[in-house]
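Q: Sequences and hints are given; from them, build the entire structure.
This is what each chain is made of:
Number of protein chains: 2
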Amino acid sequence: MTNAEYRRLMDLVEENLVGFLPEVDHKSITLHDSMAYSLSAGGKRLRPVLLLATCELFGMNPKEALPYACAIEYIHTYSLIHDDLPAMDNDDLRRGKPTNHKVYGDAMAILAGDGLLHSAFEVMTKDMLLYFDQPEKLQHRAQAAYEIARRSGVRGMVAGQVADIESENKQCSREMLDYIHLNKTAQLITAAVMAGSALAGISFEERKSMSTFGEALGLAFQIIDDYLDVCGNQDEMGKPVGSDAKLNKSTYASLYGIEATVQRANELLDRADEIIAPYYDQAEVFHAVIEHLRGQLK
Amino acid sequence: MTNAEYRRLMDLVEENLVGFLPEVDHKSITLHDSMAYSLSAGGKRLRPVLLLATCELFGMNPKEALPYACAIEYIHTYSLIHDDLPAMDNDDLRRGKPTNHKVYGDAMAILAGDGLLHSAFEVMTKDMLLYFDQPEKLQHRAQAAYEIARRSGVRGMVAGQVADIESENKQCSREMLDYIHLNKTAQLITAAVMAGSALAGISFEERKSMSTFGEALGLAFQIIDDYLDVCGNQDEMGKPVGSDAKLNKSTYASLYGIEATVQRANELLDRADEIIAPYYDQAEVFHAVIEHLRGQLK
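Those sequence lines, one after another, are chains A and B. Taking my numbering, the leading residue of the first sequence gets 206, the next gets one more, and so forth. Taking my numbering, the leading residue of the second sequence gets 206, the next gets one more, and so forth.
Think of the hints as simulated: they come from the structure by calculation, not from any bench. Where hints are given, some of them may not hold.
Using C-beta positions, here's what the derived DEER-type ranges look like [to be verified]:
(1) A/Glu-220 / B/Phe-409: 28 to 38 Å
(2) A/Gln-468 / B/Ile-234: 31 to 41 Å
(3) B/Glu-373 / A/Glu-220: 30 to 40 Å
None of these values were measured; they are calculated from a predicted model. We put the CB at the ideal spot given by N, CA and C, even for glycine.
A: This is the structure in structure tokens:
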């Protein structure tokens with residue numbers, strides 16, 4: 206992502222991500238280091254950037270939304286740490302670096318993941334305390350935390366992880382693959398957009414269309430990830446090509462073929478594009494994300 | 206615990222614990238079953254009962270506090286599931302039943318733990334949405350969720366777990382043992398009392414003394430657990446006697462001896478007793494807990 210507006214928000218996230226972690230006692234320094242290691246492993250920061258961009262789109266200062274932006278990246282990062290564990294996907298590399306458990310051991314990796322998930326809710330609920338004399342802003346924050354909680358939990362991301370694990374080594378139906386994609390990936394991306402919408406206090410109608418936008422973008426993102434697992438190269442991805450196939454995981458590409466995969470991804474990106482079109486003057490970040498994803502299909 | 210008042214609140218928890226979980230899709234039924242399995246494995250429900258008892262002590266209907274009571278038991282239960290994993294304490298039995306990973310496998314146990322932690326914050330933030338037109342009640346709820354978040358996270362329970370794991374197989378200083386006890390156990394018990402206090406909206410002064418109460422009770426609870434690991438019997442505990450010694454974990458009993466352990470536990474219970482004394486007419490549940498713990502030292 207070379208877009209300057211995207212970079213500006215991404216830098217804001219990078220500068221604050223580790224600093225927003227709750228301060229720990231020196232006796233827990235390994236826990237802190239282990240969490241910071243995975244938080245600092247890079248990545249596009251797509252979810253927090255989308256959260257901040259949504260706030261900005263609707264007139265809110267993104268700096269006020271940082272606790273929620275960091276929280277969603279903590280949740281994303283914890284899910285990767287747990288997903289990489291030997292008991293799960295058993296991956297040694299993530300973004301070209303050794304995975305958390307390879308550096309800190311399985312026990313610490315489990316606890317670092319847990320710690321990041323706790324921290325997500327600690328920073329959000331702590332932020333709420335600052336708005337006790339501003340009832341409307343407090344409501345917006347509670348709503349944002351709920352969007353993140355429900356879409357990342359057992360009716361969202363965790364449900365997707367479970368279905369993904371259970372589908373290994375067996376033929377997966379198209380219905381089940383949709384369920385996995387929606388929950389494992391699209392829900393957290395939608396959560397970012399919806400938490401930003403809640404914080405900015407936009408109308409019910411606007412929230413509905415932002416939710417459709419988030420879902421379309423999130424599904425496109427996962428389908429393109431499937432596509433790259435077949436057609437990408439390791440340098441771009443930071444993980445070995447074919448790692449899904451290695452685990453006998455069904456992907457969009459394996460169930461529908463490459464051509465249909467590219468078509469479906471483009472359709473979803475078109476839908477996202479349409480929803481964001483009325484805001485084009487101020488929606489450069491969203492536009493850049495959509496175009497970046499389109500570019501990966503070539 | 207045979208006290209009728211304790212049982213009344215415990216029954217209220219039991220009746221709602223699984224029902225308060227977020228409703229999941231049938232495709233995630235194994236996740237739900239795995240979470241429900243550990244939630245239904247029994248136990249004294251000490252933390253949610255203390256939370257409800259605190260609400261009641263300060264004039265609040267405990268039924269209104271159920272989302273927070275269930276949330277704290279979800280967090281306690283997830284910590285046990287992860288703690289029992291092969292990568293951590295590697296326990297086969299918990300409360301006399303096979304541990305979660307023995308029944309559902311390591312991957313599902315990790316995800317069931319994650320799911321319970323997510324669910325804790327989902328039920329609390331969802332509850333907040335009901336109080337958007339009652340700003341003071343919304344504040345109380347945000348404060349309660351924060352008490353639970355910070356005391357269970359990387360400055361609380363998770364920090365204690367990390368220190369506990371890192372202290373295996375080496376001589377542990379008294380200072381470190383205090384740190385482990387405070388964080389691993391006392392913080393979540395204090396969280397229960399403090400969340401109840403926040404929900405009931407009591408004064409700063411009262412909250413301060415309830416926090417001292419929670420800490421004293423929580424430390425006594427852990428020291429007595431250490432004592433029972435040496436002097437208890439397997440039937441009472443639902444896990445093998447000597448399992449801490451098996452992992453070469455330092456305990457209060459191994460560092461200070463049995464006599465000093467009993468004395469320290471009694472001192473802490475005395476302190477808790479003193480704080481609760483002014484409320485004796487209405488504090489039967491707290492009194493019963495203190496006396497039950499004293500009884501285990503005989």
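Q: Look at each hint and say if it fits the structure.
A: Outcome of the hint check:
no. : hint                              : verdict
1   : A/Glu-220 / B/Phe-409: 28 to 38 Å : holds, 35 Å
2   : A/Gln-468 / B/Ile-234: 31 to 41 Å : holds, 33 Å
3   : B/Glu-373 / A/Glu-220: 30 to 40 Å : holds, 37 Å
The structure is consistent with each of the numbered hints, conforming to all of them.
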